[in-house]
Amino acid sequence: MAETRGRGGVPRRMLFERDEELLLFDGMLNDLCGRAGEGSAPNGGLLAIAGSAGLGKTTLVAEVRRKAAARGCTLLAARGSEQEEGVALHVVRQLVQPVLAASSEAEHRKILGSWYDIVAPAVGLVAGQSGVAPDPQGVRDGLDWLVTRFAVQYAPVVLVVDDAHWADEETLAWLSSFALRASDLPLLIVVAYRPEELPRHAAEFRRLAMRHGSRPLDLAPFSAAAVSDLVRDVLGEGGDELFARECWALTAGNPFEAVELVARIRDRGIKPQYVNAMELRELASAVRGSGLIECLERLGPSAVRLTWAVAVLGTDADRDMAAGVAGLGAEEMADAVDKLREARILADPQDGSSGLDFFHPLVGTAVYRAIPAAMRVAMHGQAAFAVSEAGLGPTAAARHILEMHPENDRWAVRQLRSAARD
Numbered sequence: 001m002a003e004t005r006g007r008g009g010v011p012r013r014m015l016f017e018r019d020e021e022l023l024l025f026d027g028m029l030n031d032l033c034g035r036a037g038e039g040s041a042p043n044g045g046l047l048a049i050a051g052s053a054g055l056g057k058t059t060l061v062a063e064v065r066r067k068a069a070a071r072g073c074t075l076l077a078a079r080g081s082e083q084e085e086g087v088a089l090h091v092v093r094q095l096v097q098p099v100l101a102a103s104s105e106a107e108h109r110k111i112l113g114s115w116y117d118i119v120a121p122a123v124g125l126v127a128g129q130s131g132v133a134p135d136p137q138g139v140r141d142g143l144d145w146l147v148t149r150f151a152v153q154y155a156p157v158v159l160v161v162d163d164a165h166w167a168d169e170e171t172l173a174w175l176s177s178f179a180l181r182a183s184d185l186p187l188l189i190v191v192a193y194r195p196e197e198l199p200r201h202a203a204e205f206r207r208l209a210m211r212h213g214s215r216p217l218d219l220a221p222f223s224a225a226a227v228s229d230l231v232r233d234v235l236g237e238g239g240d241e242l243f244a245r246e247c248w249a250l251t252a253g254n255p256f257e258a259v260e261l262v263a264r265i266r267d268r269g270i271k272p273q274y275v276n277a278m279e280l281r282e283l284a285s286a287v288r289g290s291g292l293i294e295c296l297e298r299l300g301p302s303a304v305r306l307t308w309a310v311a312v313l314g315t316d317a318d319r320d321m322a323a324g325v326a327g328l329g330a331e332e333m334a335d336a337v338d339k340l341r342e343a344r345i346l347a348d349p350q351d352g353s354s355g356l357d358f359f360h361p362l363v364g365t366a367v368y369r370a371i372p373a374a375m376r377v378a379m380h381g382q383a384a385f386a387v388s389e390a391g392l393g394p395t396a397a398a399r400h401i402l403e404m405h406p407e408n409d410r411w412a413v414r415q416l417r418s419a420a421r422d
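Letter by letter, the sequence shown follows residues 1 to 422 of this note's numbering.
Read the hints as simulated data drawn from the structure, not as lab findings. These numbers come from a predicted model, not from an experiment. Just to be clear, a hint being listed does not mean it is correct.
[Said to hold, decoys possible] What follows is a list of derived Cβ distance ranges for each label pair:
(1) Val152 with Ile270: 34 to 40 Å
(2) Gly391 with Glu294: 35 to 41 Å
(3) Gly329 with Asn408: 30 to 36 Å
(4) Asp240 with Leu402: 22 to 28 Å
Where is the CB? At the ideal position from N, CA and C, for every residue including glycine.
All chains, full assembly: derive it from the sequences and hints.
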């Protein structure tokens with residue numbers, strides 16, 4: 001079991017019944033790190049983690065990243081987004097841009113060599129040439145070269161893609177092809193996804209683990225015993241088994257819902273005894289769907305508008321852009337962020353990042369779907385201007401423009417044409 005603690009000592013993310021998965025990753029990490037730099041052949045590979053929503057993929061991926069960082073590995077990490085599935089190579093850009101951002105254009109040209117003209121526009125280093133459509137196979141070959149160079153130059157490397165079911169089609173096509181080379185490089189690829197939500201075009205990606213002679217790790221819900229352990233860890237030893245079993249029954253062992261339910265029980269000060277079990281149904285409904293939205297609305301309009309802005313912006317949501325789209329001043333923004341983090345709706349910052357993200361993808365999905373239709377259209381319009389002004393390029397703006405109503409907007413037409421060329 002591994003855990004990290006949030007405010008007031010409440011466990012924010014916990015790992016139960018994942019020992020086999022972690023042992024497998026530890027073995028693969030040992031192979032990767034033990035061979036790097038010893039003159040022997042590299043021994044990378046692929047680890048695929050499959051499971052339905054809320055079964056703990058993101059928590060397991062976070063532990064994978066922590067272990068890799070502790071072993072001195074170079075991390076290339078990205079996450080698919082439900083709102084950005086249609087943005088070509090969006091996930092690839094998340095993977096490679098942090099490494100390339102530390103280099104100058106001259107160094108980029110040196111790294112990419114003859115691939116510069118085709119790969120640099122694809123990963124967002126420069127704008128594409130007007131009217132020139134890139135060769136898809138050429139882009140994939142260039143990305144193969146770039147990531148291969150990263151793997152050799154920064155070995156050992158762990159490349160992680162979470163929520164791969166929401167990755168764009170171009171990224172999945174490249175990853176499905178390139179992953180076959182991982183075993184010949186000092187590179188371990190870790191992908192996590194919901195198998196039932198993989199799009200039709202992801203057939204090759206679905207077969208990835210099988211082609212490596214293994215199978216995806218299929219995560220299972222918590223057993224009643226695991227939820228009982230969770231209740232004792234969070235609420236103390238004074239609880240009874242019937243209360244813990246009711247927690248398990250109400251959440252069907254879904255790890256996300258179980259952890260959230262127990263955290264809310266602690267917040268309410270409810271004694272973990274079966275005589276109080278009737279109070280659990282209301283709390284259980286508050287961690288999903290309409291119940292979650294009702295909890296959000298009780299935090300006030302500023303908090304609601306901020307979550308709407310973060311849901312619309314997706315992975316582009318930094319504090320300044322989110323504040324602009326939500327229409328919040330600095331003091332109002334800071335107060336809303338604190339409330340939302342305390343309520344476990346927004347995640348705590350990671351590695352000093354100024355970005356804003358939801359505590360769990362399920363929360364982000366529920367918030368986005370709850371935005372009134374007219375407001376969602378208007379906020380996508382604001383987001384289009386915000387990402388354009390931030391210099392993120394027409395492709396980033398285009399996904400928001402496509403959600404707007406067509407109103408003979410010449411600026412929108414120019415952005416869409418530029419995005420099409422890119």
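Each hint, compared with the structure:
1. A C-beta distance of roughly 55 Å is found between Val152 and Ile270, which places it outside the suggested range of 34 to 40 Å.
2. Taking 35 to 41 Å as the suggested C-beta distance range, the pair Gly391 and Glu294 conforms, at roughly 38 Å.
3. Evaluation of the 30 to 36 Å hint for Gly329 and Asn408 yields a pass: the beta carbon distance comes to about 33 Å.
4. At roughly 54 Å, the beta carbons of Asp240 and Leu402 sit outside the given window of 22 to 28 Å.
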